[in-house]
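Enquirer: One letter stands for each residue in the lines below.
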Amino acid sequence: MANDNSCKGIIKNALLYKNPIFVSGMVIAPVVVMANNILDAITLVSAFSIITFFTLLVSSFVPKNIVYTIRIILYTIIGALVYVPSVILMKYIMPEGVEALGIFFPLFITSSFIISRSESIFFLETKGKMFLDIIFCIIGYDAAVLLFAAIREILAFGTIGGTIIGMPIELSAFQNPFGGFILLGLVAALFRSILLFIKRVRQK
Amino acid sequence: MELMGNIMMTAFVAVFVENTIFSRALGTSTLVVVARNRKNLFGFGLCVTYITALISVLTYFADKLLINNSNSYVYMPVVYICILGFVYILTLLCMWKFAPKLFARMRKYVHVSAFNCAVLGSMFLISKYCETLSDYFIHGLGIGLGFVLAVYLTAIVYDKIYSEKAPYAFRGYPLMLIYLGILSMAFWGLSGHTLNY
Numbered sequence: 000m001a002n003d004n005s006c007k008g009i010i011k012n013a014l015l016y017k018n019p020i021f022v023s024g025m026v027i028a029p030v031v032v033m034a035n036n037i038l039d040a041i042t043l044v045s046a047f048s049i050i051t052f053f054t055l056l057v058s059s060f061v062p063k064n065i066v067y068t069i070r071i072i073l074y075t076i077i078g079a080l081v082y083v084p085s086v087i088l089m090k091y092i093m094p095e096g097v098e099a100l101g102i103f104f105p106l107f108i109t110s111s112f113i114i115s116r117s118e119s120i121f122f123l124e125t126k127g128k129m130f131l132d133i134i135f136c137i138i139g140y141d142a143a144v145l146l147f148a149a150i151r152e153i154l155a156f157g158t159i160g161g162t163i164i165g166m167p168i169e170l171s172a173f174q175n176p177f178g179g180f181i182l183l184g185l186v187a188a189l190f191r192s193i194l195l196f197i198k199r200v201r202q203k
Numbered sequence: 000m001e002l003m004g005n006i007m008m009t010a011f012v013a014v015f016v017e018n019t020i021f022s023r024a025l026g027t028s029t030l031v032v033v034a035r036n037r038k039n040l041f042g043f044g045l046c047v048t049y050i051t052a053l054i055s056v057l058t059y060f061a062d063k064l065l066i067n068n069s070n071s072y073v074y075m076p077v078v079y080i081c082i083l084g085f086v087y088i089l090t091l092l093c094m095w096k097f098a099p100k101l102f103a104r105m106r107k108y109v110h111v112s113a114f115n116c117a118v119l120g121s122m123f124l125i126s127k128y129c130e131t132l133s134d135y136f137i138h139g140l141g142i143g144l145g146f147v148l149a150v151y152l153t154a155i156v157y158d159k160i161y162s163e164k165a166p167y168a169f170r171g172y173p174l175m176l177i178y179l180g181i182l183s184m185a186f187w188g189l190s191g192h193t194l195n196y
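Order-wise, the sequence lines are chains E and X.
Quick note, the first sequence lines up with residues 0 to 203 if you use numbering that gives the first Met the number 0.
Quick note, the second sequence lines up with residues 0 to 196 if you use numbering that gives the first Met the number 0.
Isolated chain E, as found in the complex (with noise of 0.2 Å):
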């Protein structure tokens, strides 16, 4: 793991040691529900995406002096009212991926990922570098949500954004959320495996 905080091990950090999906397990609950096929991954990245970096960018202006009690409830209501031009702007550019996140869609507000990331300020020194962190989480999260919805897909509908690619067999199991769940630890292992490999090549 990169511990420093300079701008590459802030990269390599949210990219892939802290991946947030794969690594650290935060906003996994839509992942595991929705994110059957790379179509709706496609929705939860960019409402994710939305929602996140401008909650985060507004909270960023909220004074470290406030206490954590009501730091808390600010960014979340931070989260509620960025939500509402987020959720009008999705439903214009694709109503019916909106209508399929459901309750998951407002979700968001309340993520772990915000809670957590907005406290980020009180450890990085500068703001650019919080908005580097934050910019890189954001990416390593769609990264691995459509790496992942596109595995799913494969194996549960032996397809790959709705074309046929004629798999032998349909693993129809993984489109359930138990499904989803045993996946994303099979891929997270994987992950990880590939990444104790890289530190061990380098090391030689």
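Everything labelled a hint here was simulated from the structure, so no lab data went into it.
Virtual Cβ for every residue (Gly too), placed ideally from N, Cα, C.
Worth double-checking, as some hints may not be accurate.
Selected chain X positions facing chain E (in silico; Cβ < 8 Å) [stated by the list, open to error]:
1) R23
2) A24
3) L25
4) V31
5) S69
6) V73
7) P76
8) F123
9) Y151
10) A154
11) L174
12) M184
With chain E fixed as given, assemble chain X onto it according to the hints.
Expert: For chain X alone, coordinates are given in the frame of chain E:
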């Protein structure tokens, strides 16, 4: 008798069949954090159940007053967050005033109990599926208890999941997801699936 049966059924559905963690994965991130510390599990469980039960009653009144047009999906999350914030502050103030010892011990758990996807999700779920005030309350209570059950089932295997005996690639988080998946599959079976012989 019929009323009692309905109450029991609603509670059973909320705790087991529609368990927030196992059926919709709501609050999984919170579960991963809370399951680490078994010492405060009871206090946390009590806090979540109290919050889901109380907000279910407030959600009922908010729904009856405000859900009257097709655009309610735009502003209802703001209303629900305000309800959550109100309950959060009320809880902290009451604990600080009437149970200062409990306040000192539980302060760090109250925000985790209030601001998580399971609690906010419970507001949307009961709003979608419940009609009467008693339905709202029992479902809210059941969701809280179901969440506590999920946290308890995770906490009891936490040490084994993070044990050095587990292969490094699976140790901790990946193994926990697989364990939750297996439990989720078992609970999914409760909703009834018959085999075609």
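Enquirer: Against the structure, test the hints numbered earlier, and report the numbers of the ones violated in rising order.
Expert: Structure breaks hints 5, 9, 10.
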